[in-house]
Structure formats: C-alpha cells, structure tokens
Amino acid sequence: MRTLYLHSTEPLTLFAESCLTLTPKVSLCGACHLYLDIDPTLRHFGSEENFMQKFEELAGLFQIRSKQRVLTDRPEWAQALLGGNENLLAPGESASVLKLLSVDRLLFLGDPFVLEKELSQRNDLIRFLKKVGIYFISDFLALPIETIHHRFGKMGEVLYAWAKGSRTLCLPFFYSEEPFYEKIETDEIASLEALLFLLKQTLNRMEVRLQARSLAARALHFVFHFESNPSATKVFSLTEPVREAQTLLRLLRDYLAHFQWESPLTQVELSLRDTVPHLPGQLSLLENSENQFYDLAFFVSRLRNQLGEKNVGFAALQQSHLPESSYHFIWPPARHEEKRDSFPKRPLFIFTPPKPFHPTQEWKLSLTEKLHVEWWETGGSREYFRAERGSESLWVYREAQQGAWFIHGTFD
Amino acid sequence: MYSTVNPLPSSNSYSFTPSSAKGGLIQVLSRGNSKTEAALLESTQTQKANQSYFLWVADEGVLYPEAVHQEWEIPLSHLLFVKAAEPKEVWKTALDAAQTGLFQTIFVRPSQACPTAHLRKLQLVAEKQKCSIFLLTSFEIPHWMLKKTIGPAKGQRLSTKRNDAYSVSP
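Line order of the protein sequences matches chains A and B.
If you read the first sequence in our numbering, its first letter stands for residue 10, the second for the next number, and so on.
If you read the second sequence in our numbering, its first letter stands for residue 2, the second for the next number, and so on.
Everything labelled a hint here was simulated from the structure, so no lab data went into it.
Take these hints with a grain of salt, some might be off.
If the Cβ cut is set under 7 Å, some of the chain A residues that face chain B in the computed set are [as the list claims (entries may be wrong)]:
1. Phe302
2. Ala306
3. Val321
4. His330
5. Leu331
6. Ser335
7. Trp340
8. Phe415
9. Ile416
10. Asp421
Model, not experiment: these values are computed from the prediction.
C-beta atoms are modelled at their ideal positions from N, C-alpha and C, and glycine is treated no differently.
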C-alpha cells in the first residue's frame with residue numbers, strides 16, 4: 010500500500026479534506042499527521058510524480074509550510090522514516106531504508122493512534138535494547154523470533170512485527186464536518202480588485218473542499234467588518250448551485266461593485282451554509298449531449314492528469330505567425346474566431362519539437378516563406394522550404410543565426 | 002429492394018447498414034496527396050463535423066490547429082488533440098478513447114507499430130462502438146483487420162507473430 014505521509018505542526022483538517030479530491034483513502038491522526046493511500050487513484054493520475062505534483066499544488070493552495078513528508082510502502086513505517094525533510098522512497102526501497110535507522114525510531118513505528126499511550130513502554134524498551142548492544146533496527150530484526158517475546162516482552166514482539174512488515178495497519182477513513190468558513194484580513198486593501206484577489210484564494214480553497222464533499226453552494230454569507238461603523242451582513246444567493254471558484258468570482262465582481270463603504274474595511278468573513286449535493290447538469294431523457302459532454306470532461310481530465318495539461322485539450326488559437334505559438338490546448342473547448350483572409354500553404358502535421366534535418370543533393374528545396382522569431386527567443390529569422398525527395402515532402406527551415414536546419418512539418 | 006437504413010442493426014458485416022455508419026480500422030497509405038488530408042477528407046465525408054467529436058493522437062507532433070481551422074470544416078471545438086510521449090501511449094490512448102464511445106472518428110499517427118493483439122482489440126472496439134479509426138502509418142497492417150485502405154500499399158507488412166511487437170517485416 011503506497012502511502013504518502015505529511016507531518017505539520019499546524020492543524021491539517023482542512024487540507025485533509027481537500028486531499029479527498031486526490032484519493033478517497035485519507036486518514037488524519039491528531040490533526041497533524043496526514044496519511045494518503047495513493048494506490049486507488051494512481052492509475053487515474055498516471056504516475057506517482059503526477060500525484061505528488063497535484064498534492065504539492067493543493068499544499069500551496071492551503072499554505073502548508075511543512076516540508077516533512079514521506080512516500081513509503083507501508084503506513085506504519087511512515088513516521089519512523091521521517092528523518093529530515095522530504096523522504097520520497099521508490100517502491101520496494103522502504104524496508105532497506107528502515108533497517109538502517111537507529112532503534113530510537115522504534116518510538117514512531119506502528120499504529121499512530123496508540124503511539125502516545127505506548128510512549129513510556131517504548132522508551133523503556135529502547136533503553137534496554139541499547140543496553141544489550143542493539144543500536145540499529147537491522148540488529149533488532151536479526152534476532153530470532155523465539156527470543157523476542159522471552160527477552161523483550163509483548164511490546165518487543167509488537168514492534169518486531171511492525172518493523173518486519175508482518176502486521177497490516179488499517180487506518181480509519183477521514184470524514185470532515187468542518188464548516189465552510191474563512192476570515193480575510195482586509196486592513197491594507199484599497200480597491201475592489203485587491204479584495205477580489207484575496208477572495209480568489211479563499212474561493213479556490215472552498216471549491217476544492219466542496220468538490221471533496223461533492224457539494225455545491227447555493228448562497229454565500231458575508232460579514233463585513235469596518236473600522237468605525239458596525240458590521241454588515243450580506244447574503245449572496247445563487248440562482249443555481251455553483252462550486253467553481255471562477256464562476257463565483259465573476260458573479261461576486263458584479264455583486265460587490267455596487268457596494269459603497271463609508272469606513273475602511275478591516276475584515277471579511279465568508280461562509281457557505283446553504284449547500285446541496287452537486288449534480289453535473291440537468292440530464293434530459295431525450296437529449297444526450299450533456300451526458301456526452303460530462304463523459305468527455307471526465308475522459309479529458311484523466312488524460313490531462315496522465316499526459317500533462319500542455320499535451321491534451323481542444324486547441325485555442327493565439328495571435329502569432331509562428332506555427333508552434335499559434336495555439337495552446339485548453340479545456341473546456343472555446344468558440345473560434347472567423348477564418349483569416351489569407352493563410353499560407355502549410356502542412357497539416359507539425360513536429361513538436363522540430364527534428365534536425367540534413368539537406369543533401371537528393372533533396373529539392375523550394376523557398377515558401379520567411380518568419381521572424383520573437384525578439385526574446387534565440388535563432389533569429391527562419392527561412393522555410395518545401396523539401397521534396399521522391400514521394401517524401403517535408404516542411405523544413407533554416408535558422409538565420411546558427412544556420413541549423415530543422416524539419417517542422419510534413420506534407421505526406 | 003434493400004433499404005439503406007437497417008431497422009435491426011447488427012454487428013454482422015453482411016448487414017444492410019451503409020458502410021459509412023459502421024466503425025472499423027481504416028489505414029491511410031496515400032501517396033501523392035497528404036495522408037492527413039486524405040484521412041480528414043474521408044472523415045468529413047462520412048461524419049457530420051458539428052455533431053460528433055474527433056480525436057487526434059500522435060507521438061511525434063500534432064495536427065496543426067490553425068491549418069485545420071483555415072482549410073477544413075472540422076470545428077476545433079469538436080477536435081480533441083493528444084500529444085503522447087511515446088508510440089505505446091498513442092495506441093493505448095486510441096483504445097481508451099474508442100472504448101468510451103465518445104468519438105465518431107479517431108486519427109492515430111504512431112511512429113511505431115503495436116502488437117497485433119492490441120490491433121485486434123482496437124478493431125473489435127471500433128466495430129462495437131461504430132467508431133472510424135484512421136491509422137496514418139508508414140507500415141502496412143494485416144488486411145483482414147481493416148475495413149478499408151486509402152491509397153496504394155507500399156510493400157511493408159506488420160508482423161502477425163505474437164512476440165513481434167513494434168517490428169515491421171519487409
């Protein structure tokens with residue numbers, strides 16, 4: 010069971026809730042020890058690196074400053090393996106790393122929910138182990154199992170089983186009932202844009218938490234605190250349940266623009282009290298397009314997680330004469346502008362990145378166009394040619410500065 | 002007299018459904034004209050571009066979106082682009098996509114061949130989901146797996162031996 014463990018001195022309750030968007034198997038021990046079983050959604054994310062990337066994005070959003078994390082094969086080893094900061098171990102590597110640790114780390118081995126209760130017993134055992142010349146976990150594990158109970162008692166036997174990996178730890182699943190509530194300090198805010206900027210962070214966090222609980226908000230409750238005037242309470246009701254931060258922010262921009270303050274704003278409290286289960290669109294029995302779009306969204310998000318957001322999506326065109334800069338991939342698809350009046354003859358398939366090309370006598374080259382790269386990029390201008398040899402037809406260019414040749418596309 | 006619309010659609014290839022409504026693998030080996038152009042032309046003739054989704058998946062590069070927007074009737078809001086890191090991922094993504102049943106047309110441009118078992122899976126899924134999968138390859142694929150071949154054969158043949166994955170025999 011691949012487990013990601015995070016320790017922080019600050020409470021991790023809200024962050025743990027957001028982690029339910031990464032994996033359903035989240036456990037929180039004492040508000041500061043977070044365990045994620047990454048196996049259930051590993052296929053969805055494509056790799057452990059992608060999972061870690063999403064985890065770090067969430068940690069950034071929830072301002073988790075602690076870097077103390079461990080990626081290990083078993084949850085019962087996680088706290089013991091936490092030596093320095095990050096300790097991301099490859100599959101199968103944890104057991105050998107554990108064996109190299111001092112017996113002092115036995116203090117943190119096993120079920121995290123009973124560590125405090127067993128603290129004095131474990132300390133006594135570790136002192137005794139050192140007294141008899143056992144300083145490393147590998148030495149402890151080298152002892153014959155028959156003598157463990159006889160020499161070190163019940164506690165020794167339990168720790169031996171944890172270190173050996175012969176016991177399986179089942180952590181309780183985390184379930185959050187924390188209210189959707191955040192305070193925003195607004196002492197230094199001078200404009201609506203600045204307030205919206207702060208609200209954006211809060212709404213992003215709310216969106217992830219709503220997503221984790223599969224809820225959508227029907228109303229936002231604001232309490233505005235002023236420097237001299239009494240506080241004002243406002244309720245922003247939504248015509249249909251929403252959870253997307255971008256949509257809420259757009260609506261709030263119009264809503265807050267009508268407000269007039271007579272005293273400086275010092276604090277804003279935001280809470281979501283009215284929530285409903287999130288239903289992805291009203292689905293008609295006769296019309297299937299919404300169902301299809303929802304399925305497509307799921308498929309695209311899975312591919313974007315696996316292959317990267319830059320590599321999957323619907324093309325959005327950009328104003329650029331350079332082929333590689335004229336588009337980027339987005340989700341959801343956008344409406345497109347009218348066609349240009351003139352468009353040079355270019356191939357339908359372009360290589361990303363361009364491949365090196367070696368023009369020889371066999372290739373028949375004919376100049377098609379000249380393009381200038383952006384001033385901040387290297388390479389200078391490019392001369393594009395159509396290179397033909399037999400049935401092969403390539404779109405190649407020569408960089409003016411270095412004279413290097415590249416294949417940018419193919420007409421085949 | 003046979004009706005062009007079969008009231009009882011069947012997976013049997015001898016049913017009276019028009020061939021354009023059935024799915025399957027279509028190999029594009031066009032010479033003279035562009036392979037990509039030939040595939041796009043064929044797909045736009047058989048599908049209504051505004052009503053169905055298209056998928057492009059390749060590992061060496063991408064379909065040039067601006068050229069598609071300027072020269073073809075396929076709206077970019079109905080064309081999903083996937084740039085895979087390696088040819089295995091291209092084949093895997095094509096199979097995944099066909100299994101979803103979301104795409105009427107899938108363009109696959111891998112730089113290497115795949116095991117014939119995978120190709121057979123792709124064929125079965127394409128026929129079941131009525132999805133046209135255009136294979137823009139430089140190597141020939143066993144003809145019994147194909148619904149159609151566009152363009153002349155080149156003389157290279159994909160090995161059908163079980164362990165000959167990613168190999169092309171002359």
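Using the nearest Cβ pair, does Leu331/A come within less than 7 Å of chain B?
Not OK, violated: Leu331/A not within 7 Å of chain B, min 10 Å.
Hinted contact Phe302/A with chain B - closest CB pair below 7 Å:
violated (9 Å)
Can we keep the Trp340/A interface hint, with Cβ of chain B closer than 7 Å?
It is violated, given that the least Cβ distance between Trp340/A and chain B is near 9 Å, above 7 Å.
Was the hint right that Ala306/A lines chain B, CB cutoff 7 Å?
violated (10 Å)
Satisfaction of the His330/A interface hint, Cβ to chain B closer than 7 Å:
violated (10 Å)
Is the interface hint for Asp421/A satisfied, with its Cβ closer than 7 Å to some Cβ of chain B?
Status holds, d = 6 Å.
Satisfaction of the Ile416/A interface hint, Cβ to chain B closer than 7 Å:
Violated - the Cβ of Ile416/A stays beyond 7 Å from chain B, reaching only about 10 Å at its closest.
Hinted contact Val321/A with chain B - closest CB pair below 7 Å:
For Val321/A, the interface hint holds, since the closest Cβ of chain B sits about 5 Å away, which is under 7 Å.
Residue hint Ser335/A, partner chain B, criterion CB-CB below 7 Å:
holds (5 Å)
Holds or violated: is there a CB of chain B closer than 7 Å to the CB of Phe415/A?
Cβ of Phe415/A sits 12 Å from chain B, so the hint is violated.
Hint check: violations occur at hints 1, 2, 4, 5, 7, 8, 9; the rest are consistent with the structure.
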